[in-house]
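Student: Listed here are the chains, written in short residue letters.
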Amino acid sequence: MTALSVAALPQGFAFLQPSQSASGLGNKRLEAFARTINLSRTASWAPVGEELTREAALAQAKIAASTAVSEQARYLTPEMSIKISRDLAELLDPEMWDDEDPVLTVASVRTMLRAIISVEAGPGDITISRAGNLVTTWKFGDDQVRVEAKPTGAIAWTILHPPGASPRHQHVEDSTIDGLKAAISAL
Amino acid sequence: MNLDAGKDLADEATIIFHVSGGRTRPRDRGHNPCDSIDADGLVCHEDGISVTWVEYFEQQSNPMAAAAIQMRGELTFRSTGVIASANVGELRRSMTQILPEFRIVYDPQPHNKGHALIIGVADHDMGSKAALADLVKTFISNKDVPGLIV
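In order, the protein sequence lines correspond to chains A and B. For the first sequence, the numbering used here assigns the number 39 to the initial residue and increments by one for each residue that follows. For the second sequence, the numbering used here assigns the number 10 to the initial residue and increments by one for each residue that follows.
Check before you lean on any hint, since a few could be wrong.
Quick list of the computed label-pair ranges, beta carbon to beta carbon [as the list claims (entries may be wrong)]:
hint, chain 1, residue 1, chain 2, residue 2, range
1, B, K122, A, T91, 20 to 26 Å
2, B, L144, A, L225, 19 to 25 Å
3, A, P116, B, D44, 22 to 28 Å
If you are wondering where the hints come from, they were derived from the structure by calculation, not from laboratory data. Don't be surprised by glycine CBs; every beta carbon is placed ideally from N, CA and C.
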């Protein structure tokens, strides 16, 4: 089995080349926080037949999600980047997953990052939908906005207005990020 | 407590259902166990949303724990999940304003004699699911329910 080293950072994971070590990267924060692990020693990483174990699939998704955040980091404040990475890492803990749930689709993370950057509302509280898509919830005054990011790049958004409002809620299943922005602007 | 199958639960009744940790909010630490749940924490089957009626187990020393264990059955509940509970009357009063067909009825099953159903909320109706999820404010961590995590 191929050995794969990663640096475990407080905000997620980073791949290391075989010749690299945390200290070799010359990054003080990395040196301070990194801890290299050899995934070939992790029993749960081993494929079972053609399929990965749930734990291995979630570990892969965690690394891929962290990479997606890194790719967009220049558009995010450091605080947002760290919060999103930390929340994703926690969310992708196997303890968070029901057995029948699909693993997070990393393409939905990319869609969500585009939405977060575009709406400029911060990462919100993130959860996972039963389709395996990333969901975030924002509060705008008394209104609650739930956004499910789809791997296709589409957005399903739901706005819940406070009790007594009419209508109580609005929902669009296949929206664009611009459509979401327009709906939020109208609040 | 006895009630015929298909009858509406009383306003005073309490229902519980399970929500996995991935559908609880917020992700920030320090909240025990969560403040709210996502709309997708409500699983709508063809016949309705499965819940468990706590008072059915009122003869037990810990009715909530007995109801949760009966609800779990052979499933695996993880330590990060929560048992969400709500008052039937509060749900009924709020939800019938947006869904006149909303009902919570007793629906005993061989594996769970306290089983009940929330009827009238379609799985694709994310707005109504969000409204219903927003009404649920009481949560107990799975790990704090005696005998639930095995």
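Student: Please list, smallest to largest, the hint numbers that this structure does not respect.
Tutor: 1
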